[in-house]
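In terms of our numbering, the sequence shown opens at residue 452 and continues consecutively.
Because the hints were derived from the structure by calculation, they are not lab data.
Each residue gets a CB set at the ideal place from its N, CA and C atoms; glycine is no exception.
Among the clues, some could well be false.
Derived Cβ-Cβ restraints for the label pairs, each shown as a range [what the hints assert, rightly or not]:
1. 591 - 521: 23 to 31 Å
2. 748 - 556: 39 to 47 Å
3. 648 - 539: 40 to 48 Å
4. 564 - 487: 34 to 42 Å
5. 597 - 619: 44 to 52 Å
6. 705 - 660: 16 to 24 Å
7. 557 - 530: 22 to 30 Å
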Amino acid sequence: MMTGVSSWVKWSAVVVLLAGYVAYSNIGPPPTTDLTGQRVLVTGASTGIGEQIAYHYARQGASVVVTARTEARLRRVVEKCRELGRKEQIFSYFVADMAGSNATKEVIEFGEAALGGLDFLVLNHMYLMPSANTWTGSDHNLTMLRHVMDVNFHSYVQLASHALPILERSNGSLVVISSLSAKMYQPYFVAYVSSKFALTGFFGSLRLELEMRGSGVSITVCFLGFIGTSNAVTSLKRFGLTRVLAVEPTDPGVTAQNIVAGAVARTKDVYFPYLQTRLTPLIRELFPGVFDSYIRYLYTKSYDINIASEQG
452 MMTGVSSWVK WSAVVVLLAG YVAYSNIGPP PTTDLTGQRV LVTGASTGIG EQIAYHYARQ
512 GASVVVTART EARLRRVVEK CRELGRKEQI FSYFVADMAG SNATKEVIEF GEAALGGLDF
572 LVLNHMYLMP SANTWTGSDH NLTMLRHVMD VNFHSYVQLA SHALPILERS NGSLVVISSL
632 SAKMYQPYFV AYVSSKFALT GFFGSLRLEL EMRGSGVSIT VCFLGFIGTS NAVTSLKRFG
692 LTRVLAVEPT DPGVTAQNIV AGAVARTKDV YFPYLQTRLT PLIRELFPGV FDSYIRYLYT
752 KSYDINIASE QG
């Protein structure tokens, strides 16, 4: 009897989620909001999702500072923002490597000085492990874990901490770009997945603290699925994880539009694409054995290869 009830509950949850997806899909694209006068700092904005987020804010009238490691790419992004925006908008860039201990404070200080304050801080940069490797507890594993956590977690915490007093003055918003990796376990990417789980725990807990003390600062955490950036697609191919590529990637521009809409609405969590990022964790919880078997199949490598690491 209990087994029958348990199965009914599981499938009911799936049906409800699918119904929610249908309703969500019929809403259409998020509305465009006039963000004239708003001041935005976007990290990891030289390519991919961060670049598209900068463009979307520029189209909506905001002033934007972008940061990443590669100056030539940042210059190109700023030029494009100027084409999309208006003369009165401010667009600038700051070259920074988030692995550096001093970079985070300098980034926030530059953003505040260039824009006269901050209304949105979008944390998007990340370090992608140079290879899909088995965890053996080696010195190499431990060194890689420290570096991944420094860039993907510690720098996020530091940037948010430095920006918090500024955002308090403007009742601004922290926007944290995470991924489906924060909701599921993945072989060969132990360090990367750990950094994403850490982001969820830290910023979810910080959000509660801010609410409890009546702060006007909002925190939006974005859980993204497979987004079709050149970095993501190329990396999966070179890692040899070709089965993952069977999943249809989502357009980075559409992704950025949904992220900005969620940030403006001060939504606590953004899931995009909705079905992929909502249904996957639910299946993991309801059918853990089946899900783990699927993940083991999906992440069976066709070959092993090292690639250069990438960071925003």
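The hints, checked one at a time:
| no. | hint | result |
| --- | --- | --- |
| 1 | 591 - 521: 23 to 31 Å | holds, 26 Å |
| 2 | 748 - 556: 39 to 47 Å | holds, 45 Å |
| 3 | 648 - 539: 40 to 48 Å | holds, 42 Å |
| 4 | 564 - 487: 34 to 42 Å | violated, 21 Å |
| 5 | 597 - 619: 44 to 52 Å | violated, 31 Å |
| 6 | 705 - 660: 16 to 24 Å | violated, 33 Å |
| 7 | 557 - 530: 22 to 30 Å | holds, 23 Å |
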